[in-house]
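This is what each chain is made of:
Protein chains: 6
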Amino acid sequence: MVDLPRVTDNGHLGPINSALVPRYGGAPTFALLPSIDEAVAAGHRPDIKVVGVPFDSGVSYRPGARFGPGHIRQSSRLLRPYNPATGTSPFAQAQVVDAGDLVVNPFNMDEAIASIQSDALELTADGASLMVLGGDHTIALPLLRAAAERAGSPVALLHFDAHLDTWDTYFGAAYTHGTPFRRAAEEGLLDTEALCHVGTRGPLYGKADLDDDTRFGFGIVTSADVYREGADAVAARLVERISGRPLYISVDIDVLDPAHAPGTGTPEAGGMTSRELLEILRGLRGLEVVGADVVEVSPAYDHAELTGIAAAHVAYDLIGLLGERA
Amino acid sequence: MVDLPRVTDNGHLGPINSALVPRYGGAPTFALLPSIDEAVAAGHRPDIKVVGVPFDSGVSYRPGARFGPGHIRQSSRLLRPYNPATGTSPFAQAQVVDAGDLVVNPFNMDEAIASIQSDALELTADGASLMVLGGDHTIALPLLRAAAERAGSPVALLHFDAHLDTWDTYFGAAYTHGTPFRRAAEEGLLDTEALCHVGTRGPLYGKADLDDDTRFGFGIVTSADVYREGADAVAARLVERISGRPLYISVDIDVLDPAHAPGTGTPEAGGMTSRELLEILRGLRGLEVVGADVVEVSPAYDHAELTGIAAAHVAYDLIGLLGERA
Amino acid sequence: MVDLPRVTDNGHLGPINSALVPRYGGAPTFALLPSIDEAVAAGHRPDIKVVGVPFDSGVSYRPGARFGPGHIRQSSRLLRPYNPATGTSPFAQAQVVDAGDLVVNPFNMDEAIASIQSDALELTADGASLMVLGGDHTIALPLLRAAAERAGSPVALLHFDAHLDTWDTYFGAAYTHGTPFRRAAEEGLLDTEALCHVGTRGPLYGKADLDDDTRFGFGIVTSADVYREGADAVAARLVERISGRPLYISVDIDVLDPAHAPGTGTPEAGGMTSRELLEILRGLRGLEVVGADVVEVSPAYDHAELTGIAAAHVAYDLIGLLGERA
Amino acid sequence: MVDLPRVTDNGHLGPINSALVPRYGGAPTFALLPSIDEAVAAGHRPDIKVVGVPFDSGVSYRPGARFGPGHIRQSSRLLRPYNPATGTSPFAQAQVVDAGDLVVNPFNMDEAIASIQSDALELTADGASLMVLGGDHTIALPLLRAAAERAGSPVALLHFDAHLDTWDTYFGAAYTHGTPFRRAAEEGLLDTEALCHVGTRGPLYGKADLDDDTRFGFGIVTSADVYREGADAVAARLVERISGRPLYISVDIDVLDPAHAPGTGTPEAGGMTSRELLEILRGLRGLEVVGADVVEVSPAYDHAELTGIAAAHVAYDLIGLLGERA
Amino acid sequence: MVDLPRVTDNGHLGPINSALVPRYGGAPTFALLPSIDEAVAAGHRPDIKVVGVPFDSGVSYRPGARFGPGHIRQSSRLLRPYNPATGTSPFAQAQVVDAGDLVVNPFNMDEAIASIQSDALELTADGASLMVLGGDHTIALPLLRAAAERAGSPVALLHFDAHLDTWDTYFGAAYTHGTPFRRAAEEGLLDTEALCHVGTRGPLYGKADLDDDTRFGFGIVTSADVYREGADAVAARLVERISGRPLYISVDIDVLDPAHAPGTGTPEAGGMTSRELLEILRGLRGLEVVGADVVEVSPAYDHAELTGIAAAHVAYDLIGLLGERA
Amino acid sequence: MVDLPRVTDNGHLGPINSALVPRYGGAPTFALLPSIDEAVAAGHRPDIKVVGVPFDSGVSYRPGARFGPGHIRQSSRLLRPYNPATGTSPFAQAQVVDAGDLVVNPFNMDEAIASIQSDALELTADGASLMVLGGDHTIALPLLRAAAERAGSPVALLHFDAHLDTWDTYFGAAYTHGTPFRRAAEEGLLDTEALCHVGTRGPLYGKADLDDDTRFGFGIVTSADVYREGADAVAARLVERISGRPLYISVDIDVLDPAHAPGTGTPEAGGMTSRELLEILRGLRGLEVVGADVVEVSPAYDHAELTGIAAAHVAYDLIGLLGERA
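Chains as they are written, first to last, in our numbering: chain A, 3 to 328; chain B, 3 to 328; chain C, 3 to 328; chain D, 3 to 328; chain E, 3 to 328; chain F, 3 to 328.
Hint data in this document are derived by calculation from the structure and do not stem from the laboratory. Backbone N, C-alpha and C fix where the C-beta goes; we use that ideal spot for every residue, glycine too. Be aware that a few hints might be false.
[Unchecked claim] Pulled a few chain A residues facing chain F out of the computed Cβ check, cut under 10 Å:
#1 Arg25
#2 Tyr26
#3 Gln95
#4 Arg277
#5 Leu280
[As the list claims (entries may be wrong)] Stretch by stretch, here's where chain A covers chain F in the computed footprint (C-beta under 8 Å, at least three residues):
#6 36-50
#7 84-96
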């Protein structure tokens with residue numbers, strides 16, 4: 003309606019200036035960043051596009067992640083432009099915009115996956131990278147397809163999650179939120195030298211789950227490993243494994259303990275704290291991150307935006323990593 | 003990001019076509035209507051502007067209505083374009099747009115009231131009328147100032163509320179959510195022949211509250227009156243009292259029983275149902291409504307968008323009334 | 003700490019003056035009335051004592067009513083001194099005070115019942131009447147014992163409840179929240195010419211439940227009767243049945259529909275609205291009310307003080323009835 | 003583990019005897035009725051089978067009804083065996099059992115619909131009728147297919163809902179929770195002389211929605227009609243329209259106002275009260291009810307089992323209607 | 003209704019096969035294990051019986067643990083059969099069944115304790131061990147009596163709790179949730195060489211509480227000790243103290259921080275994380291565990307099954323420990 | 003009403019004796035301590051006054067801290083008199099009383115700040131120190147003015163918070179909850195040699211925020227520092243920096259992770275646990291604490307008193323520190 007005053011830094015159009023405009027008002031773009039339309043109209047070329055994928059037809063338990071993107075945005079209103087933990091300004095090192103939500107068919111899985119893939123390719127055709135707000139974990143498959151195509155090679159994967167998500171089928175369905183990384187491995191999208199789950203815990207269907215997972219090339223840093231080793235040591239291990247390869251980071255918010263992320267679909271006790279997760283991410287600076295998602299935020303189970311805030315902070319730090327390339 | 007398909011009807015740009023785009027995705031404009039920017043860019047002149055006023059510094063008890071506009075919008079995603087209760091299409095009889103939120107200073111009441119007033123005048127300079135989403139009831143005063151100025155005369159007022167809101171001062175403050183209609187009366191903004199509270203109930207400070215109120219010219223239809231007489235008879239009474247005058251309608255969501263609107267600041271037992279309120283509003287067709295608000299939605303106290311949904315439906319019917327003039 | 007300014011009316015010490023002191027601060031006495039100590043110290047003789055009975059060891063399903071008295075008080079902060087529905091000032095027609103909570107043993111039912119009875123007698127030794135905030139419905143038995151003793155005769159009873167509460171035993175226990183009125187009838191505490199349940203609904207164990215109930219002398223106005231006849235006709239019927247006898251009114255908050263009172267232990271669908279209940283109570287003016295309770299508020303199941311507010315308003319109107327004698 | 007004492011009445015095995023066993027313990031079968039296995043093992047032939055259909059892949063907005071059957075059962079623990087509103091004992095007039103939940107594939111709509119249909123046929127092969135706990139409204143289609151096949155003719159339909167559910171497609175999908183009755187009409191499952199929606203309200207996509215609906219043969223009693231005419235008159239109208247035909251009753255819990263049923267997926271303001279719904283159902287005695295469902299209970303949005311309790315009471319009265327044939 | 007496909011491993015009948023049957027449907031037995039009836043009917047002899055004790059009449063603050071067993075079961079639906087943290091399959095190393103809930107009188111403490119004791123003895127007469135889901139902590143006393151009788155000697159005790167639970171009386175009552183271990187010590191049920199509290203914190207009534215506790219033979223590992231020493235060191239200490247003796251493990255869920263277990267009755271800040279608790283339990287392998295409970299889950303205060311999930315995971319690991327003997 | 007039995011220790015009047023009186027009943031003074039009136043009437047001179055400041059007009063995001071003091075008190079009912087973590091009895095080493103709530107004008111910031119300052123001076127005129135329950139962080143400024151005046155010198159400050167709160171203005175307002183410590187520094191209230199933030203994290207507006215902060219003399223121990231160094235090392239560092247100077251401790255509850263303190267206004271992920279905070283406070287023994295506050299508890303966003311309990315425990319340990327001087 004009116005032109006809202008924005009922070010500009012390093013030539014980039016940043017968030018609304020919250021010293022002048024209250025943060026609780028106005029349209030809930032991520033971190034109150036400009037929409038892609040506003041940025042482009044003002045002559046800025048987006049480097050990083052925050053995009054929502056409101057889709058949860060792949061879930062096997064509690065649904066609701068279709069409302070995840072809007073909830074994370076609403077929970078991101080307090081994010082400010084300077085990150086003292088890294089000494090960087092994520093919205094200054096790259097032009098970050100909110101590209102809205104994809105239109106995804108909830109009733110047709112094949113169509114949904116195909117459209118996410120083609121939309122992701124279209125959104126990255128200009129060289130921009132994507133920070134995706136899910137949605138359930140099914141969406142990681144088409145996002146990885148797009149990322150690998152853009153990278154021109156299989157990509158390394160850091161997968162923060164309580165679960166392996168390398169299961170095979172569920173009620174005969176090959177494409178669900180429990181299978182994206184098996185499918186991705188089968189499709190040759192992943193750089194099998196540089197794959198790692200972080201934060202896994204909780205019971206599995208059987209030992210074979212682990213054997214399969216290992217066969218695909220995944221390493222595992224469990225939630226208990228993070229407890230014993232600490233975030234810095236874990237980050238160092240991950241950097242060593244991954245360094246020098248195009249990297250996709252996928253964060254299932256259930257990697258956090260249910261205390262830190264109640265608003266999710268398949269919670270498991272014994273998880274990481276949000277501080278551990280953020281500190282690990284901050285330890286990954288220097289890696290070549292080409293795409294990222296944070297998924298499985300189910301607002302109906304959240305309280306006081308607890309989960310949404312954690313996801314928003316994770317996305318903020320992921321944007322910082324993505325922007326190192328810009 | 004992509005151009006979303008919209009319903010168009012009677013030459014007006016309407017909501018996103020929800021047969022093609024899921025309602026839970028995308029930006030939460032009111033009823034998924036076009037933003038003012040999108041409509042204007044597409045060559046449409048707005049007749050009715052839905053605008054949020056995220057302000058709650060005037061509340062005397064539970065705060066939080068600053069988050070009201072966003073919450074009502076989020077709760078309005080299910081609104082569809084045809085109203086079978088009236089046989090009309092509110093978004094076809096007039097061009098309705100979402101004009102976003104005003105920028106209001108939470109720390110300076112005088113500045114806040116002044117800026118709301120000037121913004122309201124600016125938004126109506128093109129002849130459009132406003133459907134305001136509050137915010138606390140303090141905002142009715144500057145909105146009435148603007149409405150009276152645009153009408154060129156004092157305006158009639160239908161005031162749906164549990165409370166009279168014609169109190170004088172509170173801790174010495176003249177401008178609070180309990181005083182807008184006393185101030186408006188004192189300022190000569192109200193047509194003293196055509197004022198009515200509807201839905202009041204609950205204890206007062208003293209009998210003098212009623213005496214003052216009568217002196218300002220208000221009639222009262224209590225919540226118990228609605229129970230005894232029914233919505234149709236009440237609506238008929240109101241039409242008779244008001245007919246033929248420019249009318250402002252102000253709906254404090256606490257006019258509903260706390261069962262129907264828990265998410266508000268000063269709830270009183272014994273209130274109206276949402277059905278009664280909607281049926282009364284539908285009985286007001288033919289009145290010359292020049293402005294309207296729905297206020298005092300405090301999301302932190304809401305559950306499952308119960309209050310937000312009620313407010314969204316109220317706003318939808320108010321838009322139908324506003325649009326009869328278009 | 004400081005002497006808070008209070009409303010005084012008709013010589014009585016009333017609530018804190020909320021034009022000077024915000025209602026959300028200070029100690030949560032009922033309606034912000036003076037404590038018994040403060041009133042007595044200021045030379046006022048209490049006519050009506052609001053007293054809590056934090057006890058729920060008699061419940062057969064959801065517990066938690068032990069927190070009821072505090073919750074109702076917290077939910078009563080918005081009550082103001084003048085009741086326009088009756089044209090009376092409940093805190094002016096009698097000196098009303100908050101007498102705090104009884105000390106009741108949760109682990110020994112016999113001791114609990116005995117102490118409630120003796121405390122009730124002690125509190126009424128000065129001629130005051132009691133407005134009791136429960137607690138589960140078990141407490142009605144000792145309260146009726148005390149009321150009958152003070153009345154010097156069996157008392158009439160109006161019992162607002164979803165349930166009859168005239169069952170016999172539960173797991174062999176004679177004294178539970180489902181049995182107080184059978185016990186009271188057996189003990190000769192009730193005036194068998196003037197007993198009525200109002201608002202009952204929901205399934206029973208068998209037809210014999212009704213037969214027993216009739217045998218004790220109870221009439222029944224079901225929730226459906228209230229729907230069909232309306233509050234005024236029901237009130238008139240009750241007045242006719244009861245008039246001229248000392249009357250005890252016991253309100254189980256589950257008489258309200260779960261929409262209006264989710265915070266209770268044994269909710270039944272199809273209940274009354276808070277408006278119906280309040281309007282019936284207002285139709286009882288002129289009856290000789292000697293004691294009253296509102297029970298079964300279980301805050302852990304409440305939302306946004308919905309149930310607490312309903313109970314507080316009920317107690318407010320009951321105080322108005324009790325005060326007619328003062 | 004131990005044989006729990008059960009009420010037996012009229013030769014039928016009824017609920018656990020809650021005078022001996024607390025209602026909050028033990029397995030949550032509907033109304034604490036025997037499981038089908040327990041009843042059959044004890045030599046009882048089921049007349050009415052309560053069966054859950056945990057499926058919500060057909061929803062267009064808030065998901066979660068997959069958890070509905072378990073939630074309704076948990077909320078049904080307080081149901082007792084005698085219904086004073088009708089003077090009948092639903093569990094004595096017929097042998098009612100809990101048949102558990104169907105196994106339904108969440109990822110394959112065609113398979114889901116087919117398996118619900120075949121399971122329904124199998125469950126009714128012995129002449130029993132079904133009381134179905136949903137699940138989303140998609141399931142009404144296969145249930146109507148089975149009901150029509152068992153009836154040997156199209157069936158009459160009473161459809162309690164805020165919505166028409168006769169829409170055509172949604173994102174190209176023919177089978178969703180918004181389309182079951184259009185599909186059923188197209189498939190010739192419905193007796194076009196005897197179809198009625200009750201409780202509809204809220205906006206539609208367009209006037210054509212109503213025209214289509216009328217063309218299929220539906221009558222409409224809106225929520226506002228219920229308000230104006232009262233439950234008894236509405237029930238009489240329905241009986242007149244339906245009488246003498248095999249009747250299927252489908253209750254979408256969103257027919258209730260969000261105040262009475264927040265725990266649902268597409269809530270609309272202005273709805274019926276649970277009392278109105280129950281009184282209408284009680285007015286339908288004498289109709290030949292051959293099957294029934296209560297659907298769209300989404301527990302993640304419920305509070306204090308409010309919605310679950312309403313649904314449980316609805317199912318209880320529907321069982322009473324179903325049992326009149328037994 | 004239908005025979006559900008189950009995982010079988012090592013000759014034992016395991017959970018429902020969730021690759022074929024969605025986890026959100028069907029009866030909520032613990033971890034979707036077979037009921038005792040189903041297992042026995044299929045020819046399996048139970049080694050470990052999961053049994054609920056829905057009882058909370060011993061609580062001194064927030065009640066509601068009577069609903070604990072059902073809530074933990076509902077929260078256990080996601081548990082899978084292989085525990086990668088220990089490399090074991092708890093449901094394969096022993097036949098684990100769900101034995102339902104005990105019938106316990108809420109109104110008579112003596113009868114309640116006696117019946118829990120005799121039921122526990124009866125359930126273990128076949129050599130099975132019990133994994134008990136509470137209920138409040140009062141139940142540990144009769145469970146210890148049964149465990150000591152079955153062990154033929156006093157038993158070692160590991161007690162995870164925020165509180166000591168060795169207080170003496172409360173309002174004159176000897177048997178409450180604050181006293182079971184004092185009573186057990188007095189009755190000679192405990193092996194005074196091998197007793198330890200883990201996770202205690204928060205204020206006490208006085209220093210004498212600690213002196214008494216020490217006199218009974220208890221060691222204490224506080225929550226702060228766990229923070230300083232880490233789970234592995236604590237587990238090693240416990241193993242050293244306990245090793246070689248029949249051991250009972252009692253877990254009050256309030257040993258977790260309120261962030262991890264809000265759904266409990268007497269929460270204390272500064273508690274353990276669920277990860278710490280699970281890692282300590284995993285460090286206890288090799289101990290001779292003869293019985294276990296997890297108590298004090300009060301669902302009305304839980305959110306999104308946070309507490310229930312933590313309790314379910316704790317029970318899962320305890321079953322792993324119990325099964326080492328099988 | 004009746005004289006409640008109280009614990010007395012070391013000549014001081016302590017909390018109600020909860021072995022005789024259930025903790026859930028009675029007036030919710032902090033920790034069930036005597037009110038100032040009761041203590042003084044019984045001849046005790048208060049050393050430490052717990053006082054609430056129900057004020058939140060300075061907040062920039064989620065409001066509601068005006069209800070904080072009452073909520074913390076309600077959440078403090080379980081606090082017992084002996085602190086085993088420190089081996090001290092906070093209510094025995096000093097006479098601690100509950101002095102109720104200040105009366106603060108919500109509509110006039112200047113008047114509010116002035117009255118808090120003058121009330122604080124009046125309350126400490128007898129040499130007592132204050133344990134303040136907020137309220138938003140704005141109140142720290144007048145409290146520091148009073149503390150510095152009473153100390154006769156600038157005071158050292160330990161500030162536990164997610165945020166620096168040394169920002170300058172917000173919408174032109176100099177006095178908000180984001181600015182108290184800048185104002186305090188400018189006014190010379192702070193001992194610039196001994197200032198430290200603890201627990202900060204989350205994004206800032208820019209690097210200049212840190213530069214300004216450093217210029218005022220603040221050191222920073224971030225939440226990540228606490229994670230890496232541990233509570234004991236942090237406490238030791240703080241003691242070294244502060245020792246020997248009059249010290250004010252201000253705890254914004256948002257220093258805790260949102261998992262531990264959802265009920266606050268500007269939550270940031272990655273925070274401290276309540277155990278870390280309490281252990282740091284316990285490491286500060288021996289410092290000369292002259293005043294303390296715990297602020298920003300916003301109950302509408304709390305769950306199950308999680309945040310209130312954390313704040314109550316923090317206040318309890320702060321009282322222990324304050325009492326070392328008594």
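Evaluation of the provided hints:
no. : hint   : verdict
1   : Arg25  : holds (6 Å)
2   : Tyr26  : holds (6 Å)
3   : Gln95  : violated (13 Å)
4   : Arg277 : holds (4 Å)
5   : Leu280 : holds (5 Å)
6   : 36-50  : violated (count 0)
7   : 84-96  : violated (count 0)
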